[in-house]
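Heads up, the sequence shown is in my numbering, so the first residue is 1 and it goes up one at a time.
Warning: the hint list may mix true and false statements.
Here are the computed distance ranges between Cβ atoms for each label pair [stated by the list, open to error]:
1. P82 <-> T40: 24 to 30 Å
2. H68 <-> T89: 15 to 21 Å
3. D14 <-> D65: 26 to 32 Å
4. E88 <-> D14: 47 to 53 Å
5. P82 <-> I52: 14 to 20 Å
6. G62 <-> C96: 20 to 26 Å
Hints listed in this document are in silico derivations from the structure and should not be mistaken for laboratory results. Source: prediction; values computed, not measured. Here a beta-carbon is modelled for each residue, glycine too, at the ideal position from N, C-alpha and C.
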Amino acid sequence: MACILSAGNITLPDEFEQQQLRLDLGVRSIEDVVIVGRITDCETNEPIVGAIVKLFVPIPGGLEDICHTFSGCDGYYMLRIPSEFAGETVTIMATCSNCDGDIEPCECP
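Model the full assembly from the supplied sequences, consistent with the hints where possible.
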């Protein structure tokens, strides 16, 4: 069992003066799997911001895109895999839109 967080929005004030804002967030348990990880450059080990991380399941003749997320400012991502895929082999791929040159898979140390 995993837990998934909720999200909320706050409009920030025009001037930041020792103000405190409140945003309550709930957490609920789910029967799904949550995968977390970090996307980094294979050569520099620097985090990749805004990488697209996608979950695929095999179908006859290829892969089907199930869901996706984006890496944050430190390269971390969280991907929720629905419980309906229990026991399945899934493929997770990441790419970024600001990569130079040809996109080639790499294996990081």
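Consistency of the hints with the structure:
Checked against the hint of 24 to 30 Å, the pair P82 and T40 passes, with Cβ atoms roughly 27 Å apart. The given range of 15 to 21 Å is respected by H68 and T89, whose C-beta atoms sit roughly 18 Å from each other. Evaluation of the 26 to 32 Å hint for D14 and D65 yields a failure: the beta carbon distance comes to about 41 Å. At roughly 50 Å, the beta carbons of E88 and D14 sit within the given window of 47 to 53 Å.
For the pair P82 and I52, the supplied restraint of 14 to 20 Å holds, since their beta-carbon distance comes to about 19 Å. Checked against the hint of 20 to 26 Å, the pair G62 and C96 passes, with Cβ atoms roughly 22 Å apart.
Hint 3 alone, counting from the list given before, is not met by this structure.
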